[in-house]
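2 protein chains.
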Amino acid sequence: MSTTTEVPQDLKQYTLETAQRAKEASRQLGAISGAVKNQWLKSAAARLREQTTFLLEANQKDIAAAPQYGLSEAQVDRLRLSPERLEGIAGALEELVMLSDPIGEVLESTRRPNGLQVSKVRVPLGVVFFIYESRPNVTVDAAAICVKSGNAVILRGGKEAFHSNQAFHQILSQTLVECGLPEHAVQMVTTTDRSAVGHFLELSELIDVTIPRGGKSLIERVAAEAKMPVIKHFDGNCHVYVDLSADLKMAAEIIVNSKCQRPGVCNAAETLLVHSNVAAEFLPRAAEILQENGVELRCCERSLPFVPGGVAATDADFHDEFLDLILAVKVVDSVEEAVAHINHYGSHHTDAIVTRMIEPAEIFLNQVDSSAVVQNAATRFNDGGELGLGAEIGISTDKFHARGPCGLRELTSYKYIIQGQGQVRS
Amino acid sequence: MSTTTEVPQDLKQYTLETAQRAKEASRQLGAISGAVKNQWLKSAAARLREQTTFLLEANQKDIAAAPQYGLSEAQVDRLRLSPERLEGIAGALEELVMLSDPIGEVLESTRRPNGLQVSKVRVPLGVVFFIYESRPNVTVDAAAICVKSGNAVILRGGKEAFHSNQAFHQILSQTLVECGLPEHAVQMVTTTDRSAVGHFLELSELIDVTIPRGGKSLIERVAAEAKMPVIKHFDGNCHVYVDLSADLKMAAEIIVNSKCQRPGVCNAAETLLVHSNVAAEFLPRAAEILQENGVELRCCERSLPFVPGGVAATDADFHDEFLDLILAVKVVDSVEEAVAHINHYGSHHTDAIVTRMIEPAEIFLNQVDSSAVVQNAATRFNDGGELGLGAEIGISTDKFHARGPCGLRELTSYKYIIQGQGQVRS
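Chains as they are written, first to last, in our numbering: chain P, 587 to 1012; chain L, 587 to 1012.
Think of the hints as simulated: they come from the structure by calculation, not from any bench. Mixed in with the good hints there might be a few duds.
Copies of one chain are not kept apart here, so a pair can be met inside one copy or by any two copies together.
[Stated by the list, open to error] Straight-line distance between alpha carbons at most 20 angstroms, and here's what the computed EDC-like set of lysine to aspartate or glutamate pairs gives:
id, residue 1, residue 2
1, K818, E788
2, K706, D969
3, K609, D779
4, K706, E694
5, K745, D663
6, K647, E691
7, K813, E839
8, K609, E923
9, K647, E882
10, K818, E806
11, K813, E791
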């Protein structure tokens, strides 16, 4: 096996032909049973385990090239494969086997007064163009989710993971063919020329949805250029609001977990809002634990006196997603003020209230306009696995089509099947 | 009452303020119960009946201005209101009362192993920008569907119906305020300057979805310019395929009804496909009845000999949506060829098969990639009322978010509500 690939000469023609092959594959995929798709997932998992040496060698080329891309130590670590990580990737494929096939699911079926049987049936979206950055495991996860949901996918990974991605793709392609699935159900873009992305984003007749996953500038560029629908996956500016009726011990555990358990992810908390009635009691306590965990606290004028070692926050601190051990802190006078702050400064991702009272909980859960609103738990639970969706391809910050974690069902559409015995309209 | 309105001086500022008022109204609407929204629908229906004279006078101004817009007799007829038509519009509002409130509906709710209760709950999209053409009843229908589904709406009707639309809007606004709903839940664009549309299409932070309903060029322009999601409502290039096993009497009734019952609508048939085994028997019979109904038949080479009075079709005839008493006719040799033709030439709207056999029906229903696929019934049934959705704001030809008829539920999103007792992630 080798990971050498030709670089396409005419980019525009290359993107068109790639998308045409994907469309054709998506038509074929529509007729393939769940059992066959599951057989592929199992075969691919087995092959990944067999080909550990091949995959680690390919990955080694990326690791060797990392300095030329200026990757930090943490970034190199995310890029690195190991036998344990490969086992994790293979295991994730096997977990997908356990999820029921979304395609063909009858969402509703009614008999109309005129005898027509009307069924709303789940179908694939068609072709997914998935653009992502460094971690190579995403290549396998995304391909598997797309194919299991009946979609063909065009993968465009980061240049830092080029060799690893190519190696994964070779294994996925070969097992697709061996299992009787269309080879082009999973295609990998073989050029790192960034203008290829622009060409793909024009092809709205062939590509049904684009999913960019990465930094904000990538997502903004894709959303601005794409002629087809985009599922946007912005990072989250998430809040924890501690109500005057909160169990303060619980509140401290929740903000510490929401901020510190994994600070670099989109469902980590970025701002702590505290009701003025409990600020004097809660803030010094919470600040101490947060600071023990290495968190820098950026405080509004009213919270600063209660936070020894805190620094004064600017307005920008309440807009920012730090993705780091930094937390903005603000005192508010009511749940309504907390809701207004969140709807103004937040990114409609995940926001939590800690309270023992029903009324503020209802106001918060109903009025905060976010993909997930949380009562008495950490923001970190807004995640496909934690919510029971199984694997996810991203967390949508849009309201349209899919909101929150995007799993198998979020990559589907539906059609109406109308069955009659000669009915006509009068 | 009067229908005089000021023409805004600064269009860009005007569109921004209109959208900001809509966003604020949408926030307020989220907290309003279904009972209050229903009370508004009933009040508006009653007021429309009381204000018949006012409405007919406003409509008369549009009728008088019709010649300057070069409207045809049929177009003037669609524009014209009458006491009977007003009763129909009021009655449609009362029918909406009967439909259950989509907002707050719990789509799914599960208890996770860690004790978290995870509920997926239906919420409004937010702000709808609705662009439509002449018929003034659409003003009332669209406003009612949007408000009942918890959305604020910005209505942009055609200039031909300007006075009628303004009069309807006055009544809707007044009854909104009287019923305790936000006045700006329904706003009407008070300028006919087309560049206002362009300004609205920029406001993706304030407008959640744009729905253009009208000619293809309008929809294409909106889809190209809009920075927010668009639900596209293209007209339909719909097919009826008569299989070799069809009940030919039923097939004739279905194609005649699909073509002739209302030829100017999107779910009328535009192409008849006939299996070669039954072409000689079926086509002369069907052609005779279609021609009696005034239908011009444009035939492929193989069908022409069986259609006395038919004319030779061009390739363009199979792409076109005639919206008129014209039908393209083509002979095919298999259900697979019919499916391939439809997926290539069609507009993914509504396509029907007439057959007595299970296998071709399954192939057709599974493989035709359209919002509705129909077995042994007319294409005309792809309609919100006929499918049991109640009122509709359009028929989506997209696969993303909403496909087929868009009723109340298609104007909604959802959020996850996560309720715990202090859970944190480990």
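A quick look at each hint next to the structure:
Both within a single protomer and between protomers do K818 and E788 lie at most 20 angstroms apart by alpha-carbon distance, with minima of 17 angstroms and 18 angstroms respectively. In this assembly of identical chains, the alpha carbons of K706 and D969 lie at most 20 angstroms apart only when taken from different copies (13 angstroms versus 28 angstroms within one copy). For the identical chains of this complex, K609 and D779 are neighbours neither inside a copy (23 angstroms) nor across copies (41 angstroms), given an alpha-carbon limit of 20 angstroms. Within a single copy, K706 and E694 get their C-alpha atoms as close as 5 angstroms, and across copies as close as 18 angstroms, so both meet the 20 angstroms cut-off.
When the C-alpha separation of K745 and D663 is checked against a cutoff of 20 angstroms, the pair qualifies only within one copy, where the shortest distance is 16 angstroms, while the shortest distance between copies is 62 angstroms. When the C-alpha separation of K647 and E691 is checked against a cutoff of 20 angstroms, the pair qualifies neither within a copy, at 43 angstroms, nor between copies, at 52 angstroms. For a Cα distance limit of 20 angstroms, the shortest separation of K813 from E839 qualifies neither inside one copy, at 45 angstroms, nor across copies, at 41 angstroms. Taking CA atoms no more than 20 angstroms apart as the test, K609 paired with E923 passes between copies only; the shortest distance there is 18 angstroms, against 49 angstroms inside one copy.
For the homomeric pair K647 and E882, neither the shortest alpha-carbon distance inside one copy (37 angstroms) nor that between copies (67 angstroms) is at most 20 angstroms. Taking identical chains as interchangeable, the C-alpha atoms of K818 and E806 lie at most 20 angstroms apart only when both belong to the same chain, with a minimum of 9 angstroms there against 23 angstroms between chains. When the C-alpha separation of K813 and E791 is checked against a cutoff of 20 angstroms, the pair qualifies both within a copy, at 9 angstroms, and between copies, at 19 angstroms.
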